[in-house]
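Chemist: Sequence:
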Amino acid sequence: IQDILKVLVSDLNRSNGVALPPLDKWKTPKDNAATLQPSDDTVLPGGVPSPGASLTSMAASQNHDADNVPNLMDETKTFSSTESLRQLSQQLNGLVCESTTCVNGEGPASSANLKDLEKQQNQEITDQLEEEKKECHQKQGALREQLQVHIQTIGILVSEKAELQTALAHTQHAARQKEGESEDLASRLQYSRRRVGELERALSAVSTQQKKADRYNKELTKERDALRLELYKNT
Numbered sequence: 001i002q003d004i005l006k007v008l009v010s011d012l013n014r015s016n017g018v019a020l021p022p023l024d025k026w027k028t029p030k031d032n033a034a035t036l037q038p039s040d041d042t043v044l045p046g047g048v049p050s051p052g053a054s055l056t057s058m059a060a061s062q063n064h065d066a067d068n069v070p071n072l073m074d075e076t077k078t079f080s081s082t083e084s085l086r087q088l089s090q091q092l093n094g095l096v097c098e099s100t101t102c103v104n105g106e107g108p109a110s111s112a113n114l115k116d117l118e119k120q121q122n123q124e125i126t127d128q129l130e131e132e133k134k135e136c137h138q139k140q141g142a143l144r145e146q147l148q149v150h151i152q153t154i155g156i157l158v159s160e161k162a163e164l165q166t167a168l169a170h171t172q173h174a175a176r177q178k179e180g181e182s183e184d185l186a187s188r189l190q191y192s193r194r195r196v197g198e199l200e201r202a203l204s205a206v207s208t209q210q211k212k213a214d215r216y217n218k219e220l221t222k223e224r225d226a227l228r229l230e231l232y233k234n235t
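Read in UniProt numbering, the sequence shown has 39 at position 39, and its numbers run on one by one without any break.
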């Protein structure tokens, strides 16, 4: 509003083409009027001014008025411009006061409206907070349920892991036992194979000897038969 006032003042000065005079010009008429006062020399002893003094003062007053006509016109224009500026300033001050009153809510209607608006805004904020609290509680409930499910799942997985670790330990122990047994069986198998080889070699030797004995027995049998035949012929 101050900027608007400055612009209006500058426009008004430009439109009138008149600048505000200094205080000396406002004091000039009074000073001139003081100079027009009759001196003690123009007053007669009875307190009556002399005619010459009156004529002189009237001539001086007419000359002064003739000289000050342009100044009086300028002062009149300046006064009218100043009066216009004063009225405009009062109007703007009124507008500023009204706008300040409306903004600050000093009026009863605006105060009630602001209170209602504040109550409405507070109610909306309260409702929004309640809705957000409900949503947060719902989300927290869902998260708690999911957390419980995850905890139960983790517990089941932990128990299964413990069982699997126990079973793995038993399996590893049994595997180590089976490994020892398999090593023992492998050594026994190797011994059995060696023993079988030895028995096979012994059996082969016995078979060879048996064949030799059979041949020898056959030869002895032939010789006996021949001796018997020869003995029979000789008898």
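Since the hints were derived computationally from the structure, they do not count as laboratory data. Don't be surprised by glycine CBs; every beta carbon is placed ideally from N, CA and C. Some hints could be false.
Said to hold, decoys possible - Have a look at the derived ranges for each label pair, beta carbon to beta carbon:
| # | residue 1 | residue 2 | range |
| --- | --- | --- | --- |
| 1 | N234 | E200 | 35 to 41 Å |
| 2 | L229 | R201 | 53 to 59 Å |
| 3 | L189 | G155 | 47 to 53 Å |
| 4 | H150 | A112 | 29 to 35 Å |
| 5 | S159 | K119 | 41 to 47 Å |
| 6 | T221 | R188 | 42 to 48 Å |
Chemist: For every hint, state whether the structure bears it out.
Modeler: So, going through the hints one by one against the coordinates:
1. N234 x E200: 35 to 41 Å: Roughly 51 Å apart at Cβ, these two residues miss the hinted range, so it is violated.
2. L229 x R201: 53 to 59 Å: The hinted range 53 to 59 Å is violated for L229 and R201, with Cβ atoms some 43 Å apart.
3. L189 x G155: 47 to 53 Å: For G155 against L189, whose Cβ atoms are near 49 Å apart, the range 47 to 53 Å holds.
4. H150 x A112: 29 to 35 Å: violated, 56 Å
5. S159 x K119: 41 to 47 Å: violated, 59 Å
6. T221 x R188: 42 to 48 Å: The hint (42 to 48 Å, Cβ to Cβ) holds, given that T221 and R188 are roughly 47 Å apart.
In terms of the numbered hints stated before, the structure departs from hints 1, 2, 4 and 5, listed from lowest to highest.
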